[in-house]
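Q: Sequence:
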Amino acid sequence: MTFTTATKLKLTALAATAIVGASTAVPADAIVPPKNCGAITYKSKKYTVKTDQLSCTTAKRFTLDFLRNNDRPRYYTCRRYSGSRLIFRCAATRYSPDRTFFAIKR
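Numbering (our numbering), first residue to last: 1448 to 1553.
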């Protein structure tokens, strides 16, 4: 099988592009599950608090404030869920990476 000069150039360019693309590829950050902060009790119901990019102490305090007074922290957008064990989820997209905390009914 013989190749023309144009075909050889195309194959060489394709191989070079593949090598450069493979050598300069940056691996993506690993997806890390949210940190389990343990359980809290409010009005004799137990909730598990989980957080991402936020300390557990702060997440628990924010969770109690939200459950007691429906008071969301500054810069956070919160959403309540019904028909699910997930009670609410609050996220602050102003930070990079986003800060999130949520409560799950036990």
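None of these hints come from the bench; they were simulated from the model.
What you are looking at is a predicted structure, and each value in this text was computed from that prediction instead of being measured.
Some clues are possibly wrong.
[Stated by the list, open to error] Across the chosen pairs, the derived CB separations fall in these ranges:
#, residue 1, residue 2, range
1, T1451, V1479, 19 to 25 Å
2, T1540, T1449, 56 to 62 Å
3, K1552, I1478, 52 to 58 Å
4, R1541, K1457, 18 to 24 Å
5, T1452, P1544, 48 to 54 Å
6, Y1522, S1491, 28 to 34 Å
Every residue, glycine too, gets a C-beta built ideally from N, C-alpha and C.
Q: Now tell me if each hint is right for this structure.
A: Status of the hints after comparison with the structure:
1. One distance hint, 19 to 25 Å for the beta-carbon pair T1451 and V1479, is violated here, with the actual separation near 52 Å.
2. Checking the proposed 56 to 62 Å range against T1540 and T1449 shows it holds: the Cβ atoms sit about 59 Å from each other.
3. At about 25 Å, the CB distance of K1552 to I1478 disagrees with the hint of 52 to 58 Å.
4. For R1541 and K1457, the Cβ-Cβ distance of about 48 Å falls outside the hinted range of 18 to 24 Å, so the restraint is violated.
5. A hinted range of 48 to 54 Å for the beta carbons of T1452 and P1544 is consistent with their spacing of about 51 Å.
6. With their beta carbons about 31 Å apart, Y1522 and S1491 fall inside the hinted range of 28 to 34 Å.
In summary, the numbered hints that this structure violates are 1, 3 and 4.
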